[in-house]
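Colleague: Residues per chain are reported as follows:
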Amino acid sequence: MDCTGKSQKYTYIAILTLFLSLLLIISSANAVNSEVLVEDTTSAFIPNAPTYVTATDYKYDRGESAIVKWQLSSDDNSTGKITGYEIFRSEADADNFVSIGVVLPGENSFRDKSTENGVSYIYGVVTLYNGRTSQMVLSEPITPGTEIVNWNLLNLFIIGLLIAGSVIFFITHAKRGKKLFIRKIAGLEAIDEAIGRATEMGRPILFIPGINDMDDVQTIAGITLLGRVAKVVADYDIKINMPVARSIVMTVGRETIKEAYVSAGRPDAYSDDMVHYITDEQFGYVAAVDGIMVREKPATCFYLGAFFAESLILAETGNSVGAIQIAGTAMPAQLPFFVAACDYTLIGEELFAASAYLSNEPKQLGSLKGQDVGKFMAMMAIALGVFGATIAEAWGGSFFIWLDEFMHRLFTITN
Amino acid sequence: MEVFGLWLAAFFTLGIISFLYKDNPWYKFSEAVFIGISAGYWFVVSFWDNLYAKFYLGVTANDDYMLFVGAVLGAMMILRLAPNIGWISRWPLAFVVGAISGFYLMNYFSSNVMKQVQNSVIPLFSADYGQSMFTESFGTIAGKIVIAAGTFTGLIYFFFSKEHKGAFGGAAKVGIWVIMITFGASFGYTVMSRMSLLIGRMDFLFGQWLGMIK
Amino acid sequence: MRREIPLIITAFVGIVFIIQYFIPHYPFNRLNGWFSDWFSIIGACAIWLGALNLMKISADRVYRKKRDWFYSVVIIVSFLMITIIGFAGGPDFRDYGTGFDWLYRLVYTPLSATMFALLAFFVASASYRAFRARNLEATLLLVAAFIIMIGRVPVGDAIGKVLHLPESIMPSQIAGWIMGYVNAAGQRAIMIGIALGIVSTSLRVILGIERAHLGGD
Amino acid sequence: MNKKELVAVIIIVALSLIFYFGIKQPIVFSSTVSYIITALIGLVLLYIFIRTVGGKIFGRRTVFLFVGIAVVLPFFMTIKQPIKSSPEVKSLYDAVLALKPDSKVLVSFDYDPPSAPELQPMAESFFMLCFERDLKLIIMGLWPQGPQQAEMALQRAFLEPDIAAKNLKYGVDYVNLGFQTGNEFVIQRMGSSFKSMFQTDYYGTPYDDIPLIRNVTNFSNIDFVFNLSAGYPGTVEWVQVAVDRYGVKLGAGNTAVQAPQMYPYLRAGQLVGLLGGLNGAAEFEKATNIIGKGTKFMVSQSFAHVIVIAFIIIGNAAYFLGEKRREENKPNQTGMNNQPGAN
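Residue numbers (my numbering), protein chains in the order written: chain A, -17 to 397; chain B, 27 to 240; chain C, -9 to 207; chain D, 61 to 403.
This is chain A alone, in the form it adopts within the complex (with noise of 0.2 Å):
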């Protein structure tokens, strides 16, 4: 099945109506149930008690939280009579009623969250007026359980499984050799310029990985582009200079370069000096690699991997020695730096996008396309939401408002 344009299409209804069915089961998961109250009409001085006490246990817990119940004292009639409520708490079979929390007045309802999973336990209210307390009216004993599975969090778990499953889907489907469509990234064009302006000036490509080890996602893809970059290098012999600061990265750094020397006919070129290690610490390495800059002048310089506060000198460095530099990392905190030094930067996912794009590796295309159903269906929330809450805000219209809420429900996490 060419997975090209037409048929991606057919994936992206698919998750769409997916996407709508869960419409009649969230909203009928949770109706909410409304209780009736009834208006109780004696008075005395001493603030006379809050009545109709319930307690229930609070649905999908660990157990540890119980939800006590009232109808307000008829003396709450915002009239200062009654300054609050106090809740107290005891054992069923014990009588020591200890105090749990004060409510101010106007509010009918207390969660207690420090219960024992499957004590039961006897809730009581009074009112409470300058120190004096009204008769405590007293709930039936209650013990809190657990259920089975959190039904509140079914949509996290569709929406989870629908991300999850579109990963897999496209994993397994890369590796059965399907081509992904991935868009033309603009990074990769802009590496191909500057290996022409140092093929053109004839001076070396500097390539530096990141400080990172192979273990760090971020190295890898700068790897993967520096297969793109030695590919070029060994066809027209240009001098590459790769300084690293982890052994690992050497040895992996050396056979890319290798390799692409063996792909271009011309073994005999490649020298294992290219790529050479130079210490694990950070400032240290970058002291080593200014001095290669300003002695061998480069005129492209690569900084694809993970970096840290380094960025910042060798990009001054590189631009002091009038290199055309290319950045690419994920680290949120260096970008905004290698934006304004360098002449182009991958940003962020632009870097794994690329590598996916020149790899064609089944699990990097896979999880690309994975991620991007999930930003589809961000995507769709947010037009979908804005629009239903905007119109409803705005003019009402109960299929707006429902919109609306519906969305947020969506996306809404209650544990």
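Calculated directly from the structure, the hints in this document are not laboratory data.
Where hints are given, some of them may not hold.
What the hints assert, rightly or not - Here are the computed lysine-lysine pairs in the PhoX-like style, where the Cα-Cα straight-line distance is at most 25 Å:
| no. | chain 1 | residue 1 | chain 2 | residue 2 |
| --- | --- | --- | --- | --- |
| 1 | A | LYS161 | B | LYS188 |
| 2 | C | LYS151 | D | LYS346 |
| 3 | B | LYS240 | D | LYS356 |
| 4 | A | LYS345 | A | LYS157 |
To be verified - Listed below are several chain A residues computed to face chain C (Cβ distance under 8 Å; list not exhaustive):
| no. | residue |
| --- | --- |
| 5 | ALA74 |
| 6 | VAL214 |
| 7 | ALA297 |
| 8 | MET313 |
| 9 | VAL321 |
| 10 | SER349 |
| 11 | LYS357 |
Even for Gly, the Cβ is constructed at its ideal location relative to N, Cα and C.
Take the given structure of chain A and dock chains B, C and D to it, following the hints.
Modeller: Chains B, C and D in isolation, oriented as in the chain A frame:
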């Protein structure tokens, strides 16, 4: 002792600052002391606060024997240094990687995706039904439009399954502008942070050490 | 044995942490508690591994008299000095006035703080010699950085008063608006992108598709 | 070490000896002298501007020297700096004010000495505010240096006369649980039981012997959490685990490097307040009207910002006037349209 300490601290501070002139023995010595002291600091504190306080006291005082499993896995991790049975360290490593992956997957998904999308669903003009549309200040309304549109176009810029052409390309252009202003903000804040560090050290040199500042 | 069991451990532990998010009570809260305790102890042992590894490399460099081996001696000596003082001090090894606290306040703090203070110099020299408004994107970035830097310090409003700007467009107000709205939107888009990246990478690790942490395929 | 460098070192040692023993009380410039020096710094910047546009780019070391001097001189100046409170700082202050006396506040110290200039003033003024409001403090740290920085902040807070007068007792009014390894798993475990993560406190006394935290089982007994963070683990982990999982109310103080990444959490209500960098500390000090290091450093901070902005303007002016002209008259310059960007 405190006076000698102040001078020693000043010696090391100036030693590190000498790197600005060039990489010299004074800097290399200070840096070596720094690497040794910080490795030793972490080494001692992790022993007293974790291996002693949590594991040893956990087992002896609160007889929580399951902690032994953690200690065994930890010992396997240290065995990585041993040449021949170094591979055993893959088990605790697998445990750590599995725990981090499972934990990150749920946390990042619910706090950084679900919650953020939910909060981006906002009415652009929050007038109550029937009232005039612009009850709020211009800044807030413009802000809400930027929040919704900025997040939407930002996501479009990082969308790789569709060519950035036509209207889609235009939206991506707006997206990169929003992201560039965001980078400008973090650029300004990072400069603020670095400058505060320098001011803190100068306050030490000229204040605590030389006593020239009140 | 060397490859299958680690993969099983990773998958099992990862899935437990996912399920305990949906089913937060017995048996998963018990497993969650144990795994968090074990992770904490393994974390401490990982710190020990790092320190012992540093000692091994330094000792090897001294033994082989490699370049700058003298500084490796300094690393080993300073490591042993603080470790001996720390272990000899007993549980309250870092109270005010102990040798450990002295080393912390007067050797560790100045060294680590000054190491980062260097960055202020590098930012200043880079802003003079390297930051150029080459294209529209870099221009937008630098202009936004101006407004934030001026708005977030009192001198910004002082200049605003001199220019008799109305209160609503004082530099601090504009900076506050950019941070509160534009920056929030941009960071949110980046955050969602990175989070989805982490979700897919974690998924690949748990399902064993990704094996980089076990030394490649 | 050639002769020139040896002379330089001798000069530095001599100067520090003279300053150390020679100058007894601190130097303070009057406001007129302060403004003269400010004008001087402005003139030097103008000079750099003219020379740079003329084509002579100054070396790195001259820039370093200039920045060093321009940051130190403001220490001696007397310039009044009106500090205005931004909404994120006010909302944190209001959140602490809303806490009833004797409510328990968990303070997590997740930073190390390099971030102390920004976060230590926040810690000190937060402690002073809490002690004035009779709140109970439970201190912990996810970075090993955190609890030690907390001890220093406590000593500084007890210097205040009205707090010393309350003679607060350890274990009753405040407690320091110390550091624990495990990063965000420490927070996850604290969601079910503090005791399992902190068997003893900073001084080694067992958890149950401390009256303040004897009946604190997990986050449900904590009324407010304040987190001082410089990186990982830090505010992101506290939001993801403590706020979104266990529903605590969280305020945060961040280094300026990290603050911009927290604004989405602030806007989504996951954070109730945010102090960003040194100016966040100064604004919080103004809100709690305690004048500490945050306010004192703001003069130098203003100078530093103005200098960085000036350098960017000079650099770009030279780039557009000088280098571009030289680039045009170079023959076959490859048409590097620098940022093809989205086409």
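Colleague: Now, for every hint given, state plainly whether the structure supports it.
Modeller: Status of each hint after checking the structure:
With a CA separation close to 15 Å, the supplied pair LYS161 of chain A and LYS188 of chain B stays within the 25 Å bound. A distance of roughly 20 Å separates the Cα atoms of LYS151 of chain C and LYS346 of chain D; the hinted pair therefore holds under the 25 Å criterion. Taken as a hint, the LYS240 of chain B and LYS356 of chain D pair is honoured in the structure, with Cα atoms around 10 Å apart against an allowance of 25 Å. Between LYS345 of chain A and LYS157 of chain A, the direct Cα distance comes to roughly 8 Å. Compliance with the 25 Å bound is thereby established for this hinted pair.
Hint status for ALA74 of chain A relative to chain C: violated, with the closest Cβ pair at about 21 Å, above 8 Å. For VAL214 of chain A, the suggested interface contact is broken, since its CB lies about 24 Å from the closest CB of chain C, more than 8 Å. Restraint check, ALA297 of chain A versus chain C: the minimum CB separation of about 5 Å is within 8 Å; hint holds. Checking MET313 of chain A against chain C by beta carbon gives a least distance of about 11 Å; that is not within 8 Å, so the hint is violated.
Below 8 Å, beta-carbon pairs count as interface contacts, and VAL321 of chain A has one with chain C at about 6 Å; its hint therefore holds. For SER349 of chain A, the interface hint holds, the least distance from its beta-carbon to any beta-carbon of chain C being 4 Å, beneath 8 Å. Below 8 Å, beta-carbon pairs count as interface contacts, and LYS357 of chain A has one with chain C at about 7 Å; its hint therefore holds.
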